[in-house]
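Undergrad: The task is simple: from the sequences and hints, build the whole structure.
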Amino acid sequence: GENVGLHLPTLSVQEGDNSIINCAYSNSASDYFIWYKQESGKGPQFIIDIRSNMDKRQGQRVTVLLNKTVKHLSLQIAATQPGDSAVYFCAENIWSSASKIIFGSGTRLSIRP
Amino acid sequence: GAVVSQHPSRVICKSGTSVKIECRSLDFQATTMFWYRQFPKQSLMLMATSNEGSKATYEQGVEKDKFLINHASLTLSTLTVTSAHPEDSSFYICSARDPAGGRETQYFGPGTRLLVL
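As you go down the protein sequences, you meet chains C and X in turn. According to the working numbering, the first sequence is numbered sequentially starting from 1. According to the working numbering, the second sequence is numbered sequentially starting from 1.
These are calculated hints, taken from the structure and not from any lab test. Some hints could be false.
[Said to hold, decoys possible] With the Cβ distance kept under 8 Å, some of the chain X side facing chain C (calculated, not the full set):
(1) Glu104
(2) Gln106
(3) Phe108
(4) Pro110
[As the list claims (entries may be wrong)] According to the in silico footprint, chain C covers these stretches of chain X (three or more CB under 8 Å from chain C):
(5) 28–42
(6) 68–74
The beta carbon of each residue, even a glycine, is placed where N, CA and C say it ideally should be.
TA: Here's what the structure looks like:
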């Protein structure tokens, strides 16, 4: 669902370790999911996406897992680097009268040197 | 990849004035654009869907008379915040759908920071 009035949780990870960011979505009819990275003062940047007929998709250093049973998404970042520091948002494509992307809750990823 | 621009990148205005923000798709034609608002440390909230040549579709709770949207061409949508007040201060982000990429493909602009004094 839409995130209203909530402050962003923070995940602190040691540089070089793997990061796992989790997200719950609300609409069981959503058929397409996206992870975005947002750096301070900038617009969201596409990272990876997955359709509802899949449960896993891999990109370069990133993997998205989808569990439709519990309506849960996760983003795994391998060998986390300082440049990965940002806020990460999951989003779902909701198709009602028209297609639109709704953002879920975000997580701030902080990298420890 | 596809590029979406916004202008201005930041604007400061006095309370009661109106502010126009432009969103342009630079290398594709977008029949549909979207406007989001983001308050500090919060997620992006969809405000409205901008449809070229027709009226915008507003999300529940968004005042259409306060946030005027015009999508007069396939590469430009504008958001006008009318009679702005300090509580309208926010980060406004647009996105544009690229028809060639499928119905879900949206490219986001860099955002416009609005500060109302």
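Undergrad: Any hints from earlier that this structure breaks? Give me their numbers in increasing order, please.
TA: 6
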